[in-house]
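Build the full structure now, drawing on both the sequences and the hints.
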Amino acid sequence: MSETPVSVTKKAEPQAAAVPAQATSPENGEVLLRVEGLVKHFPIKKGILQRQVAAVKAVDGIDFEVRKGETLGVVGESGCGKSTMGRVITKLIEPTGGKIEFEGQDITKLGTRGMRPLRRDIQMIFQDPYGSLNPRHTIGSIVSAPFRLQGVEPEGGVKKEVQRLLELVGLSPEHFNRYPHEFSGGQRQRIGIARALALKPKLVVADEPVSALDVSIQAQVVNLMDDLQSELGLTYVIIAHDLSVVRHVSDRIAVMYLGKIVELADRTSLYEAPMHPYTKALMSAVPVPDPTRRGAKSERILLKGDVPSPISPPSGCRFHTRCWKATEICKTSEPPLLQLAPGRQVACHHPENAEDQAPDDTTLLAVAKEAIEVVTLARTDTEPEPATESEPDSEPETSDVADVTDAADETDAADSGDAADSGDESEVQPSADADEPDDVQESTDK
Amino acid sequence: MTELSKTGAAVGEPVAEGPSKPPTAFLEVRDLKVHFPTDDGLVKSVDGLSFKLERGKTLSIVGESGSGKSVTSLAIMGLHRLGARGKNVKMSGEIWLDGKELIGAAPDDVRRLRGRDMAMIFQDPLSAMHPYYTVGNQIVEAYRVHNNVSKKVARTRAVELLDRVGIPEPAKRVDSYPHEFSGGMRQRAMIAMSLANNPQLLIADEPTTALDVTVQAQILDLIRDLQKEFESAVVLITHDLGVVAEIADQVLVMYGGRCVERGPVEQIFAEPQHPYTWGLLGSMPRIDREQTERLVPVKGQPPSLINVPSGCAFHPRCPYADLPKGGITRTQRPELQEVGGDHFSACHLSPEDRTRIWTEEIAPKL
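From first to last, the protein sequence lines stand for chains S and B. When we follow numbering that gives the first Met the number 0, the leftmost residue of the first sequence carries the number 0, and every step to the right adds one. When we follow numbering that gives the first Met the number 0, the leftmost residue of the second sequence carries the number 0, and every step to the right adds one.
Everything labelled a hint here was simulated from the structure, so no lab data went into it.
Using 27 Å as the maximum straight-line C-alpha spacing, the simulated DSSO-like pairs for lysine-lysine come out as follows:
id, chain 1, residue 1, chain 2, residue 2
1, S, K67, S, K108
2, S, K199, S, K158
3, S, K368, B, K171
4, B, K151, B, K171
5, B, K227, S, K303
6, S, K303, S, K279
7, S, K67, S, K201
8, B, K171, S, K303
Going by beta-carbon spacing under 10 Å, a handful of chain B positions derived as facing chain S:
id, residue
9, D239
10, L240
11, V243
12, I246
13, I267
14, P301
The calculated label-pair distances, taken between Cβ atoms and stated as ranges, are:
id, chain 1, residue 1, chain 2, residue 2, range
15, S, S171, B, L365, 27 to 33 Å
16, B, S126, S, S171, 33 to 39 Å
17, S, G169, B, L78, 34 to 40 Å
Beta carbons: idealized from backbone N, C-alpha and C, even for Gly.
This is the structure in structure tokens:
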């Protein structure tokens with residue numbers, strides 16, 4: 000809990016810089032949801048006293064707002080905290096710190112009772128259409144549950160309203176008395192959507208709504224959500240890992256990495272000119288369904304290794320251990336989420352497609368040189384291009400090499416709960432004190 | 000390593016064709032049928048599938064869940080007969096691997112091939128690996144089954160393999176348990192296991208579906224490299240057309256247990272000939288272009304494999320089912336016909352109709 004004020008004050012400055020600029024942006028609508036310095040840490044407890052020994056920093060200080068009628072897409076790799084974020088803003092789990100405002104009302108501290116009247120305005124669609132519907136309830140009772148719980152008596156009775164909802168999502172009203180197992184995955188997802196829409200919510204948070212579905216069914220559900228949005232004026236927060244789906248459905252997109260938003264921009268500019276190196280790598284990793292592009296000049300940035308553990312995220316910029324542009328400043332100071340162009344917020348010292356935020360610091364870290372591999376998407380019968388440095392003009396910095404190996408050793412020696420993520424070459428667990436990394440790691444080694 | 004490459008070279012030589020109906024390709028599947036009798040009826044998971052695959056080439060099998068993709072791969076590996084001793088499955092047809100027929104072969108003979116000449120990468124590495132044994136032990140076991148070597152030699156081989164698939168500090172990680180690996184590393188370890196005996200045929204069943212895009216890119220790159228190195232034939236089962244476009248040489252589209260379209264990857268994407276392929280292409284959001292248009296989903300649900308629709312199995316979902324005269328789509332099953340160089344499609348639509356629909360209605364919306 001003690002971290003809360005720290006992270007809030009740390010964020011306060013960039014926030015102040017970013018907000019006024021945003022106010023002048025043309026597509027500024029009414030803000031429905033505002034999140035400031037949101038933090039969610041899950042404690043790790045050990046021993047008979049269950050003392051907290053560490054925390055999984057699932058969400059570690061994020062700010063964003065959702066405007067009425069828009070769709071905000073949230074993307075990131077697994078473990079970046081996007082689902083936790085979704086659950087915190089719907090208050091399914093309590094935030095550790097920060098502030099959530101819904102329609103101007105601070106809902107952060109509201110308890111179960113206080114939240115209840117707001118539940119009808121904030122609804123959620125879950126990923127797994129098998130796990131989110133009670134197998135012992137009929138579809139009728141599942142979709143009418145919101146009316147029962149909220150004590151709402153819709154016009155013409157609950158049953159009629161439920162049947163109208165089923166029709167709205169493309170199911171037949173006769174399905175009222177059936178059980179979830181009688182439906183296919185796509186149909187179940189429609190039931191989940193019908194339930195979420197029952198009370199005419201203002202905000203719908205959808206956590207991977209289509210990732211469990213087949214492509215053809217996925218398109219049906221995406222179209223359905225699209226139609227419902229224009230019909231009912233819904234606001235969506237769509238959390239997904241599929242960048243193609245997010246591009247299709249979102250107006251603005253937030254890219255998350257290790258509990259932080261690294262880039263927040265509107266769809267077109269994000270996909271056409273990503274500013275954060277992580278966004279760029281993520282985009283280039285998506286396979287494009289066009290075989291003629293193979294062997295063409297399209298290059299792919301292959302990030303090496305895995306996402307570091309959110310228990311002890313890297314110091315400074317969290318992406319610096321895998322970034323090919325990382326310099327000393329990335330290791331020591333955390334880049335704030337700044338507005339670098341109208342409607343585009345980026346947290347990076349050396350962004351792509353924008354002015355360098357730390358132009359003096361040009362020496363690359365040793366890890367940066369091996370952080371990525373650029374591959375040309377070649378046909379199987381042609382030789383792939385050898386891995387190239389993206390910044391050939393940079394000077395080698397030999398002093399850091401020892402640092403890297405030491406750190407890797409240290410990671411391996413770390414406790415086994417951490418081991419799933421440890422041990423990749425690019426994954427350096429930097430020590431807290433970045434000024435004298437060598438010394439610190441020597442001592443931890445022994 | 001030396002012993003292995005010897006084996007590899009021996010197998011790599013042109014095959015002298017002995018059997019009565021000699022196969023012309025490295026892997027040839029002819030009229031494969033896999034049916035499962037159940038209380039509800041006969042489930043026709045694969046119902047007459049034929050294809051060929053040469054060494055060094057990649058075939059992608061695409062289709063929705065329940066179209067028979069995975070059942071096909073298990074049939075090639077001879078894994079259907081294992082559990083139930085063949086009582087719960089009816090298989091017919093022929094599978095020729097490097098001049099050997101597998102369906103009629105004795106289980107012991109198939110077992111000798113499995114893991115050595117053909118290997119499989121499964122979708123979920125956590126459930127495919129044994130949680131109780133170290134990764135190294137499992138690779139050692141896979142190697143020693145087919146090679147009479149000491150544990151020590153096999154262990155060296157395991158470290159070598161882990162190194163080859165890009166696991167850092169392989170000598171240390173060889174003693175880790177599967178749960179200590181991250182998803183991407185686990186998938187790498189499984190690839191290492193399947194490569195233990197330099198297989199000539201590698202079957203990957205949705206190898207990247209459970210992984211993040213960045214890791215998916217790493218794994219696809221690895222499979223591509225390894226294929227080049229060992230000249231293996233790869234069968235890649237996936238539902239992601241992006242992956243297909245990137246890695247496949249040949250594409251086979253399955254629907255309701257049958258092949259509806261097959262051809263070189265460029266043709267399948269440039270001039271697809273079957274309405275179901277159009278549907279798949281239309282329902283996919285694209286990252287490479289701004290899409291203001293709506294997606295064009297395939298309406299309805301995938302067919303039940305017990306009551307496969309009569310005639311063309313796709314006709315209940317096909318927007319063009321009424322175009323061919325006389326309701327032929329409902330009564331007569333379309334056969335695969337060559338529609339271009341090595342490009343086959345099973346559809347009743349006339350070639351003129353298909354070209355017109357594709358160029359005028361489908362392609363502009365993609």
